[in-house]
Each structure stands twice: as C-alpha cells, then as structure tokens.
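> Quick mapping for you: the protein sequence lines, in order, are chains D and L.
For the first sequence, position 396 (counting from the first letter as 1) is numbered 396 according to our numbering, and the numbering increases by one without interruption.
For the second sequence, position 223 (counting from the first letter as 1) is numbered 223 according to our numbering, and the numbering increases by one without interruption.
Derived by calculation from the structure, the hints in this document are not laboratory data.
If you're wondering where the values come from, they're calculated on a predicted model, not measured in any experiment.
Fair warning: there could be bad hints in the mix.
Derived DEER-like restraints, expressed as beta-carbon distance ranges [as the list claims (entries may be wrong)]:
{"id": "1", "chain 1": "L", "residue 1": "G228", "chain 2": "D", "residue 2": "A302", "range": "50 to 56 Å"}
{"id": "2", "chain 1": "L", "residue 1": "H180", "chain 2": "D", "residue 2": "A53", "range": "34 to 40 Å"}
{"id": "3", "chain 1": "D", "residue 1": "S25", "chain 2": "L", "residue 2": "T285", "range": "50 to 56 Å"}
{"id": "4", "chain 1": "L", "residue 1": "L212", "chain 2": "D", "residue 2": "R363", "range": "55 to 61 Å"}
{"id": "5", "chain 1": "L", "residue 1": "G220", "chain 2": "D", "residue 2": "L127", "range": "30 to 36 Å"}
{"id": "6", "chain 1": "L", "residue 1": "A272", "chain 2": "D", "residue 2": "S25", "range": "41 to 47 Å"}
{"id": "7", "chain 1": "D", "residue 1": "H267", "chain 2": "L", "residue 2": "E5", "range": "55 to 61 Å"}
{"id": "8", "chain 1": "L", "residue 1": "G228", "chain 2": "D", "residue 2": "Q139", "range": "27 to 33 Å"}
{"id": "9", "chain 1": "L", "residue 1": "A272", "chain 2": "D", "residue 2": "L393", "range": "48 to 54 Å"}
{"id": "10", "chain 1": "L", "residue 1": "T285", "chain 2": "D", "residue 2": "D386", "range": "53 to 59 Å"}
{"id": "11", "chain 1": "L", "residue 1": "P222", "chain 2": "D", "residue 2": "I99", "range": "38 to 44 Å"}
{"id": "12", "chain 1": "D", "residue 1": "G304", "chain 2": "L", "residue 2": "A272", "range": "57 to 63 Å"}
A partial selection of chain D residues facing chain L, derived with a Cβ cut-off under 8 Å [what the hints assert, rightly or not]:
{"id": "13", "residue": "G160"}
{"id": "14", "residue": "V161"}
{"id": "15", "residue": "S177"}
{"id": "16", "residue": "P188"}
{"id": "17", "residue": "S200"}
{"id": "18", "residue": "A243"}
{"id": "19", "residue": "L246"}
{"id": "20", "residue": "L285"}
{"id": "21", "residue": "A286"}
{"id": "22", "residue": "A287"}
{"id": "23", "residue": "G288"}
{"id": "24", "residue": "M428"}
{"id": "25", "residue": "D436"}
{"id": "26", "residue": "R442"}
{"id": "27", "residue": "R444"}
Glycine included, every Cβ here is placed at the ideal spot set by N, Cα and C.
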Amino acid sequence: MNEKEPLPLVADLQRALAPDRVRVSPLELELYARDASIIAGRAEVVCFPLTTAEVQAAVRVCRKHGRPFVPRGSGTGLAGGATPIGDPVVIVTTKMTRILEVDADERVAWVEPGVLNLDLSRAVAHLGLHYAPDPSSQQSCSIGGNVATNSGGPHCLLYGVTSAHVLAIEVVLPDGSVAMLGGLDPEPAGYDLRGAFVGSEGTMGIATRIAVRLTPLPPAVRTLLLDFTSVDDAAATVSGIIAAGLVPAALEMMDAEITRAVEAFVHAGFPEDAAAVLLVEVDGLAAGVDAAASVVAEVGRAHGARTVRVAADEAERALLWKGRKSAFGAIARIAPNYYLHDAVVPRTRLVEVMRAVYDIARRHDLVMMNVFHAGDGNLHPLIVFDRRADGVLERVMAAGEEIIQACVAAGGVLSGEHGIGLEKRDYMPLIFSADDLDAQARLREAFDPDGVANPEKVLPAGSRCGDLQKIPEGAWI
Amino acid sequence: MSALERFAAEVGAEGPVTVVGGRTQWDVGGAVDPAAREVRAPSGVVEFEPAEMTVRCGAGTRVKELDAALGEHGQCVALPAWEGASVGGVLAVGRSGLRRLRLGPVRDALLEARYVSADGRLIKAGGPTVKNVSGFDLCRLLVGSLGTLGFLAEVVLRCRPLPAVSRWFAGEAEPFDLVHRLHQPSSILWDGTTTWVLLEGHPADVEDQARLAGLPEADGPPDLPAGGRVSMRPSSLRSLTGRRATFVAEIGVGVVHTAEPASPVAAAPEVAVLNRRVKQSFDPTGRLNPGRAA
Ligand SMILES: Cc1cc2nc3c(=O)[nH]c(=O)nc-3n(C[C@H](O)[C@H](O)[C@H](O)COP(=O)(O)OP(=O)(O)OC[C@H]3O[C@@H](n4cnc5c(N)ncnc54)[C@H](O)[C@@H]3O)c2cc1C
Chain D
1 MNEKEPLPLV ADLQRALAPD RVRVSPLELE LYARDASIIA GRAEVVCFPL TTAEVQAAVR
61 VCRKHGRPFV PRGSGTGLAG GATPIGDPVV IVTTKMTRIL EVDADERVAW VEPGVLNLDL
121 SRAVAHLGLH YAPDPSSQQS CSIGGNVATN SGGPHCLLYG VTSAHVLAIE VVLPDGSVAM
181 LGGLDPEPAG YDLRGAFVGS EGTMGIATRI AVRLTPLPPA VRTLLLDFTS VDDAAATVSG
241 IIAAGLVPAA LEMMDAEITR AVEAFVHAGF PEDAAAVLLV EVDGLAAGVD AAASVVAEVG
301 RAHGARTVRV AADEAERALL WKGRKSAFGA IARIAPNYYL HDAVVPRTRL VEVMRAVYDI
361 ARRHDLVMMN VFHAGDGNLH PLIVFDRRAD GVLERVMAAG EEIIQACVAA GGVLSGEHGI
421 GLEKRDYMPL IFSADDLDAQ ARLREAFDPD GVANPEKVLP AGSRCGDLQK IPEGAWI
Chain L
1 MSALERFAAE VGAEGPVTVV GGRTQWDVGG AVDPAAREVR APSGVVEFEP AEMTVRCGAG
61 TRVKELDAAL GEHGQCVALP AWEGASVGGV LAVGRSGLRR LRLGPVRDAL LEARYVSADG
121 RLIKAGGPTV KNVSGFDLCR LLVGSLGTLG FLAEVVLRCR PLPAVSRWFA GEAEPFDLVH
181 RLHQPSSILW DGTTTWVLLE GHPADVEDQA RLAGLPEADG PPDLPAGGRV SMRPSSLRSL
241 TGRRATFVAE IGVGVVHTAE PASPVAAAPE VAVLNRRVKQ SFDPTGRLNP GRAA
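Just chain L, with the same shape it has in the complex (with noise of 0.2 Å):
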C-alpha cells in the first residue's frame, strides 16, 4: 500500500474526522468537533525536477523544509513559509504571506492535488503541467476550502526562481504612490507611519528602485499584530489614515494585520446558497473537519 492509499485508508468513510498540519493556523475557521478523529497526511517530496520548475510532494512537508531542497536549485515556491506550517495547512487556509504583491495568491502555485474525498476515495484534481484547463479547476476551490471539501494528500506546485538579492527598506514616506513608482517591489508594508518596503530581483535594479523608493536599508519586516487579519479593498487601505489602533496593512494587497481581532465576514446570501451546496455536494454528511467553515 502507497502512502496514499495508507492516508486514504484512515481517513475512511464514516465518522468525524480532521486532518492536522502544524498547527500554526488551527483557530482560523472556528474549532473543530473535539469527537473528530486526528489524521496526518503524508510528508516529503516524492519529486523535483529543477527543468520543469514544478515539485511533487506529500501536503504533510513542511513549507521550509521543502524550499530548502529547492534552494539548492535556485528555486522556492510561493508559499508563505511560516515556522512549522506545513503545505497542505498553507493551501487549505489559502492566506498569503508577504510577498503577495509580486508573488500573487497562494491558490496559483497550486498545478495538482490529489485529496481525499469524505467518502474515503483518492481524487486527483487538476494535472502536473504549469499550464492546463482539463476539466473544472477543483484546485482552486480546495485552496482556502480549510479541508472542509477533502483533505489533501499530495501536491504538485509550481516553483519560483529566487531572486539574485532581496533587500528590506523602511522609513517615513507615503506607501501609495510607492505603489506607482516601483516596478513590481515584492512587498510594501505601512502602519500608519512607517513603510517597508521589499525589493527584489537584480542587484542593479533593486538598487535603481531603492533610489526611487529613497528609504534607507532594515533589517526587515516589522512584527506583525497577531490579533486578526481583515481583508480589504487596495484602495480602501487609505482610510485607516490616522487610526490609532495598531496596525500593519499590505498596500496594493488589502490584507490588514490588526491588534485586535477581527470580527467575521458573512458572504453575500447568494453566495452563501452556493457556498453550502458545494459543500453538501462534496461532503453530504459533514464529516470532514466538522464545526470549521471555509
């Protein structure tokens, strides 16, 4: 029996269950049922191929340990690589990290999955090729599906080429028409006074764009309040000019790091029809991660 099939197994058909990755995401969707049973999806890469640019892995590695052995080859993938978060976790909460503003969404480094269903079968979705539209694209509906849909198994992602040098700015200077100025930079931060800025790609240019941007050199990043995360219109991230809470918003992305929690967002009614009809379709008896909602 193959990894697969083994995961397969215990995930099964019948009864509550609930896969676990590292646990560095675990509140986002509300708890789940304490009655489900805890599975582990399998974990390594099974293959990379640094021609193909594309890497196959188990969804239990771990995100660092996986751009690690693709470091070796120049490359990584766009995933936020936070400490302990392992790839299935990172897909099925669907959150980007940073680096959002050059490296797009999470959900496009996702070319295959292969997921268990909640009737205990093994599915793949979409195929191993950097480009391919056979059939319904099930990837993108299992990212940030917070394996309310079925759990992941294993993954083919694409890979990046790391940038030759990647230098943090930061100072006091209006983060919007940063925006503007700078030709695709990999992350503007701004919390209200401060803007960060991330500059990659040749050493030349980021030194070019770090004239234009004209902040000085940091060490990187600022913390980021750990309380909620809100999700916002780019151009509404204007509005929290003069706010006094504390707060640390990706501008040009819309995703605001916030102190204090951030109250839930209830999809239009239309939407929240669909919303349940795909997961009744997908999990008619709602054993999968039960209690949590995408």
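Excised from the complex, chain D in its bound form (with noise of 0.2 Å):
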C-alpha cells in the first residue's frame, strides 16, 4: 500500500484517533494475526484509541465503510476471541489503562480496559483489598479481556469468576452509541445486560470502562501442599474435600511432569517423585481456617496422601504459588509450543476422566501435563509438542477433539474460564441443541443486529437457522 495514500478506511480512522495510533505495517498486522492460540488470522488495520470517544468514532468509521471490528486487549485468549476474521479493524486497548477512581469505602475501582489485572491487586494492596479474580496470566492480561471472556482463576472457586466481581461496564455498542449496563446499586432496572456481556467475546461491543468489586484481603490464610503416589487418590482428594462440605479458596492439581517441571524452573521443594500433588488455600476467620485445614490433611491422608506441608510463612505460600504459577514458564523450556485445553467435568467424575485425558494422550504418542483448578472440575490438559515435526499437529489436534469428547461424555461442558471464540465455535452442538444456539444467537442479534462486532466468534455460522459450517474462511491453525 502507498504510505501517502492511505486507504479511506486508514485516512478516516487516522482522522479520528490519530496518525501514529492507526497501523497498518506488515509487521504490525503480523503481531494482531492472532491471541495466544495456535490460530491465525488477517487484520486490515489496528487501532489504538485513547478514550471511549475514540472508540466510539473509531466504530462509526467501521460501520461507515462496512468493515466488521475486533476488540482486542492484551492478546493472551486462548480460544481465538481476538483472531482477526474477514479484514476486521482491530480495536486496541492496550493504551486505555488507568485506573479512574478507587473507592475504599464502597469497595469499588472504576477501571479503563486495558488496565492489567495484577496492576490493580497491586495498586489497592495497601487499602487492604484485591481484585479477587486471578487468572493464571494475570500479569499481563487485561480487565477488558478478562470482562469479555468471563475469567476465572485459582480462587474463583471461593470468590466466584469475572461474573461475580464486575458491577458496570460503559460499552460503545457496535452501532457505535455508547450504554451503561449495570450499575454500583445492588438491583438496576431491566434485564442484567451487565451480566449478558459479560463472557461475550467482543461479539456485543467494547467495553471501554468497567467497575469492579474489590474483596478485602483474608485476615486469615492457610497454604497446603499435599503430594500422592497416584493421580487417582489426588482426584479423590478433591472430590472428598467437596463432599466434606468444605469450599477451600483454591484446590489445585498438578501431576507429575508438571511438577518435575515446575521444580527445576523455582525450586520451591515441589516433591519430584510425586504422582500428583495438590495445592490447597483455606482462608477467612482464624478458627474457622484452622478447622478447615484439618479437614483439608484428614481428607488427603484418609486418600494416601504422603505429607502434607503446611506453607509456615507468607515467604513459603508466596513460594508455593510462585511454583503453581509459573507453570506455562516452566514448559516453555521442555518444547517450543503447547496447546492449553480448557473443559469442565462435574467434580465427583475427577478420577475417569483423568484416566481417559491421559489414555487419549498415550494413544495418539503425545506428551501431556496436567495443571488445573481441579477444586471446580476445571480440566487444563496441556499438550507440549514441536510443530515441526511431522504429523504432530494432526495428532495434537485429534486428542484434543477426543478430549473434549471425553468430558462432554462425563457431563461436562466446553470451556470453564478460557471461552469458546473460533477454537471451540464448531463443537458448541455437542453440547446444545440448535433451539438452544438460536436462543444464544437471539442475545447476539439484540445487541448486534448486523453481526459487526467480532463477526465468526463464539456461535457457528447458521446458529439463527441450524446449518453449521467448518473453520471459517481466512483463519488458519
């Protein structure tokens, strides 16, 4: 393209935001092609607005040339939420990311974003609050994209997810006006719209403000570590502390390779010889900590665990979690790529369906880990692999589809905090009927009648009428 000559479409959105936050180099695009998964897009144009105003004419310049948008944040999805489909603008938030008002009192942070979730747990900590919601990328990703894939995170299990945390969100709506959906009093009139964005994908517009709850920190907190010979008696453990009546803050799970993994990447004296271990975080009251706790040991020493390491400090849990943490640090050093996978299964089917993930592994000759929110079913099958070898991927992406099958099979569903986006788009019929993609399609339309917004995301093509298509056209795995 000549750089004097820019397109209507580059010249009108220059005009609108200005010339050195609109982008249109090769190499530019290339970066915006794709989110953390393994698919590919084309962006056209990437844009950075400043303020809601700038998003919104950055929108009206879409509608004015017909070109559909992508709401981008900070690009960790793991489902292609933010993968450019059909020469979208994409709509950066990168530079929105203050902080615009917290309130101690009320316990309420208004937040641009772009805003990265730690920065905002770090920025009240001295208020004695957090932003409870705590996805394994916290460090770098955004309270937009966070808002838009409804996250979750080891802590979710007693805090609830991204859902449960977000008051009101301002959202320029893809005909580009903006709307306040929500509101900080407990019961705003008409239908919970706020709740309906909410895990939206960027299908239903941009948000470009958000309120959010902050949760005071615990005064009481304990950290556990237990280790098992078996995957089977870790699974065990986690339906028996459920069963036990007990909502742990965190319940985590790592098996062996992970583990080993993990150690030699933090050396926080994960035990290497363990089959699995669990990571366990009670908090709240003292003597109600204390008590849960031993609930805690008893379940897993009643189910074998070896030891059960009690975290003695805030430099040892801080340890432990930095080990459960840096997980996806630690495979980057055993293979070159990975495909993360996100499933749910009902609790008390841990044990089978552990066995059948890894049986599918073993079957198709790929080396897998296990890290995940196992206190909420929340299955994170993790392939490490070398894409240049021959033939892997195919059998990557075969495991997967069996994997997903397999937790379908058990009673689960598709995805527990990473959404469905273009990765899952085609088995959303394995667990709805087509009456119940249509309902789905009827929100979409109510917000975006023209399908503008994030178009090819979430619902397969046809949703409104039941034909399904396959991986659309310009995306590529």
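Both chains come to you apart, so use the hints to assemble them.
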C-alpha cells in the first residue's frame, strides 16, 4: 500500500484518532493476526484509541466503511477470540490503562479496559483490598479481556469468576452508541445486560470503562501442599474435600510431569517423585481456617497423601504459589509449542475423566501435563509439542477433540474460562441443540443486529437456522 | 412425555400466557393481562449429589422444601427462602434475601436453566458444572427478567455449605463502620437508630466477631417494612441518617425496605433501547407475561 495515500478507511481512522495510533505495517498486522492460541487470521488495520470517544469514533468509521471490528486487550486469549476474521479493524485497548477511581469505602474501582489484572490488585493492596479473579495470566491480561471472557483463576473457587466481580460496564455498542450496563446499586432496573455482556467475547461491543468490586484481603490464610503416589488418589481427595462440605479458597492439582518441570524452574521444594500434588488454600477467620485446614489434611491422608506440608509463613506461601503460577514458563523450556485445553467436568467424575484424558494422550503418542483448577472440576490438559515435527499437529488436534468428547460424555462443558472463540465454536452443538444456539443468537442479535462485532466467533454460522460450517475462511491453524 | 415436555406443551406457542409460582412477589413489574392463561412449572428435586454441591430441581419447587432436602446434607442454596416462594419465582424476580452481603446476588446461584421459549420450545441455557463459559450467559439474562423472556422449567443451582452457627446481634451502633471492621458479616441492617448484624461461621469466629461488633445477641432481624424496595449505592445509604420515615437498609448492599411505596426507576434511554430489543428478540409477539416489564 502507498504510504502517502492510505485507504479511505485508514485515513478516516487516522482523522478520528491520531495518525500514529492507526497502524498498517505488515509487521504490526502480523503481531495482531492471532492471540495466544494457535489460530491465526488477518487484520486489515490496527488502531489504539485512548478514550471512550475515540473507541466510539473508530466504531463509527468501521460502520461507515462497512467493516467489522475486533476488540482486543492483551491478546492472551486462548480460544482465538481476538483473532481477526474477515479483514476487520482491530481495536486494541492497550493504551487505555488508567485506574480512574478507587472507592475504598464502597470497595469499588472504575478502570479502563486495558488495565492489567495484577496491576489493579497491586494498586489497591495498600488499602487491604484486592481484585479477586486471578487468572494465571494475570500479569499480562487486561480487565477488559477478563470481562469479555468471564475469566477465572485459582481463587475463583470460593470468590466466584469475573462475572461476580463486575458491577457496571460502559460499552460502545456495535452501532456506535454508548450504554452503561449494570450499576453500582444492587438492583438496577431492566434486564441484567451487564451479565449478558460478560463472557460475550467481543461480539456485543467494546467495554470502555468497568466498575469492579474489590475484596478485602482475608485475615487468616493457610496454604497446604499434599503429595500423592497416584493421580487417582489426588483426584479422589478433591472430590472428598468438596464432599466434606468444604469450599476452599483454591484447590489446584499438578501432575508428575508438570511438578517436575516447575520444581526445576522455581525450586520451591515440590516433591519430584510425586504422581500428583494438590495445592490447597483456605482463608477467612482464624478458627474457621484452622478447622478447614484440618479437614483438608484428614481427607488427604485418608486418600493416601504421603505428606501434608503447611506453608509456615507468607514467604513459603508465596513460593508455593509461584510454583503453580510459573507452570507455563516452565513448559516453555520443555518444548517450543503447547496446546492448552480447558473443559469442566462434574468434580465427582474427576478420577475417571483424568484416566480417560491420559489414555487419549498415550494413544496419540503425545506428551501431556495437567495443571488445573481441580476444585471446580476445571481441567487444563496441556499438550507440549514441536510443530515442526511431521504430522504432530494433526495428532494434537485429534487428541484435543477426543478430550473434549470425553469431558462432554462425563456430563461436562466445553470451556470453564478460556471461552469458545473460534477454537470451540464448532463444538457448540456437542452440548447445545439447534434451539439452544438459536436462543444465544437472539441475544447476540439484540446487541449487534448486523453482526459486525467480532464476526464468526462463539456461535457456529447459521445458529439462527441450524446449518453449521467448519473453520471460517481466512483463518488457519 | 416428560414433565418438562408437558410444561412446554402447556405453554404452547400462541396466545398470552403467564407462569405462576408462589405468588409471593406477584406484583413486581406490574399486573399481568387478565386474558393470559396460567401455567405452573414442574416441581420437585430431580437430582442432588451432595459431593457435587449442585442440585437440579423443577422451577416450581418451593425454596423452603428445597432447603429442607439440602439441609439434611448440610447444604442450602443462596436464594431467599420466603414462605411459599418457588425457585422459579425467586429467580425470575431476582431479588435477594437478607444474607446478600455474604451470599452475593441471586443471579450467581443459577448454573443451568431449562426454559420454555415464546415459541413453546424447551431451551437449555448454561450448564450443570460450577464453572462454565461455553457460549453466552443466558442464565444471567433470565434472572430478574420476570418471566418476560422465557418460562423457567427446571434449573441447576449451586449449593452452599450451611454455616456451623448463625447468630443475630442488635443494638445502637454506627453501621457503616461495622461493614469494615467485621470480616464477611452475613447481614447488617439499620433503621436509622438500631443496627442488626448476622454473623455466621465457626462458633469461635462468630464469638470473636460479636465482641468486635460490641452488640448484644438478638432474636433475629427486625420486621421489614413492606411498602417498597429501593436500590441505592451502598455509600449513599448514609444519606438516610436522620430520616423520619420508616425504613430498614441493608448496609453494604444498598437495598432499602421502606414503608411507603417506592417510585419506579426507569433505565437510561440507551439501555431502555437494548431492553426493548432483547424482549423483541426473545418474545416478538409479547405473549409471555404480557403487561409485566423487568
Ligand atoms: C499462560 C496463560 C495462562 C492463562 N491462564 C488463564 C486462567 O487461569 N484463567 C483464565 O480465565 N484465562 C487464562 N488465560 C487466558 C486469557 O489470559 C484470558 O482469557 C484473558 O481474560 C484474556 O485477556 P486479554 O486482555 O489478553 O484478552 P484478548 O486475548 O485480547 O481478548 C480476548 C477476548 O476478549 C475480547 N475483548 C478484549 N477486550 C475487550 C473489550 N475491552 N471489550 C470487549 N471485548 C474485548 C476479544 O475480542 C476476545 O474475544 C491464560 C492465557 C495464557 C496465555
């Protein structure tokens, strides 16, 4: 393209924003061609608004030129949600990073969508508060992205996922108008459009300001590491803890492979010969925490835990969590590529589903590791591979499909926190009938009648009449 | 034909129709057109697996009966257990009970809903697991929709452990300060003079927190004025100080129970447009609970 004579679309965007915040260089378009998944597309233009008014202006330019748009935060999504399909304008929120207001009395913060998850918790820590949803990617993912995917994290077991922490969202709708969904009062009038928007993966508009609930830091915390000689025993302990009527703050499982990888990386004293470890945290008031910690230890021992290590102080606790949270960094040292799955099964079925999942990897001759939110049955089978190896990608994809089938067969669902995006769009009929999908399409239509916001995502094509198609044109894996 | 299919057939695809629960909040959202046919959702617990901490039940089930069944296993649901209220009714209205400060809003209790659409089809929204982001969150949309988008037939709810102890305390105290001093109180109520606090959990913790609150034990919460219900920002409840009229405010939550009827609040114009489009999309002929609006 000629530098001096940009496309009318680009020229209009440059006028609406600023020339240096509208980018078309091949290098930059390449950067925005995919998210953290392995599904790539193609962006036509990438732009970086600073304010709600600029987002609105960008959306209006898209409408004028008949172009779809794709909202994008940090691009850490794993379902291809931010992958551009159909030559869209990618509207990136990474320059909207202001924490606008913190109200410690009401425990609410107003943030721009590009604020990073962990930055918010850090900014309010001195007030004894934090933002509870803590995805493993919290150092790099944006709150806007969290809202759009309804993110979860280890501590969402007790505290609830993103939706439970979002009070109000200012949204630039696909027609370029601005609406405030939800509110700071407990029972805003009308339908819960805030709830409908959370998890909509960019298909209902762009979040430009978000009011989130801040949570007081618990007065007492106890972190335990239990280790087992079999995955079955660890999984049975998870079910046993829930069966004892206990909902810990977090209940995470790591299998042998990942435990060894992590230990080599952070040296937190994880037992390298364990078949699986559980990282369990209970919090609240002192007596309740003591009682809960004893229940966890008892249930673990009853299921054959070899050791129950209780973090002695904050430093040890931080070290154990560092182990859990650096799992992905550790993997990068093992193989160049990984495919991280995300599905949920009833937690009473964990033992059998884990067996089935390992079996699938074995049959496809793939290296698989498991590090996941066991307490809510949220599996993350992770396949590591080198995509340059012959035929490996086919095996990775085939195993992935079987894993999903196995989870669904056990009464599970397609995704616990990464979302559907492009990755799982065509699996939606596994758990939803044509009528169910039609109902979801009706919601989308109310927000975006012309289908210009992040087209091709979440719902299979033809959800309004029942015909389905495969990976859309213009996307590749 | 299953109970769900019978219910769907009864709702049908034509003519004005209304779904009746326990009639405990029948007036919320306005009167239903008297021409509407009355239907009732199936009731009864369908599946309860205590180790899963979820329960599947008919939307017509009474919340009290559900809690009684769950209580045998030390669990409950985070829905207000008003006398006679049905699970479907409580979800459709979406109003929380007095323990919202700890339990969160009603909308977070619903995991899966089977509902009958305006064209008489059985639709599944959400899923049975405690965590799920597979597709759009129709469950959130249904809670508080007053049966204007679909009629709940069967639901899966998240269960909660019953607290070991549950004690009310009351006396004259500054309630806004208590919200911050106590850790996760279950309820703080204030009528302008007296403050009530509900503490739940481990007996020793409750004892400790009670000392912190410095209030004597009470029989229970006060009677709530039943004239109106107002939704305010929690911090603006301070403005009620010195008010003459009778009220009981839920501190930290923002719900105010008043003696006089509350004046209706309209959504902002841009939001009203969206509300209308949602209604139009789900019930184009306006046959579900005609006359009522969320
Ligand atoms: C190593 C690693 C670990 C992870 N761990 C977790 C985890 O524990 N839990 C978890 O839930 N996820 C996890 N994820 C996935 C990812 O981090 C989350 O989905 C995150 O919420 C995405 O945020 P983002 O800012 O990167 O969004 P993006 O990837 O940029 O976008 C994600 C989706 O949101 C939409 N979107 C973004 N911003 C907006 C906006 N302002 N308005 C409307 N739509 C918008 C996009 O269109 C897209 O559909 C992990 C990812 C990685 C790489």
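> Please check whether G160/D passes as an interface residue: C-beta within 8 Å of a C-beta belonging to chain L.
6 Å, holds
> Taking the closest Cβ pair, is A287/D under 8 Å from chain L?
With a minimum Cβ separation of about 4 Å from chain L (threshold 8 Å), the hint on A287/D holds.
> How about V161/D: closest beta carbon in chain L under 8 Å, or not?
7 Å, holds
> Against the range 55 to 61 Å, how does the distance between the Cβ atoms of H267/D and E5/L compare: consistent or not?
60 Å, holds
> State, for the Cβ atoms of H180/L and A53/D, whether the hinted interval 34 to 40 Å holds or is violated.
Check passed, 37 Å falls within 34 to 40 Å.
> Regarding the hint that D436/D lies at the interface with chain L, is the smallest CB-CB distance below 8 Å?
5 Å, holds
> Taking the Cβ atom of S25/D and the Cβ atom of T285/L, is their distance within the range 50 to 56 Å?
52 Å, holds
> Hint says 57 to 63 Å; check whether the CB-CB distance for G304/D and A272/L agrees.
59 Å, holds
> Using 8 Å as the Cβ threshold, decide whether A243/D counts as touching chain L.
With Cβ-Cβ at 4 Å, under 8 Å, it holds.
> May I ask you to test the interface hint for S177/D with respect to chain L, counting a Cβ-Cβ separation under 8 Å as satisfied?
6 Å, holds
> Is the shortest C-beta separation between P188/D and chain L less than 8 Å?
7 Å, holds
> Taking 8 Å as the limit, does the beta-carbon of L285/D come near enough to a beta-carbon in chain L?
4 Å, holds
In terms of the numbered hints stated before, the structure departs from hint 8 and from no other.
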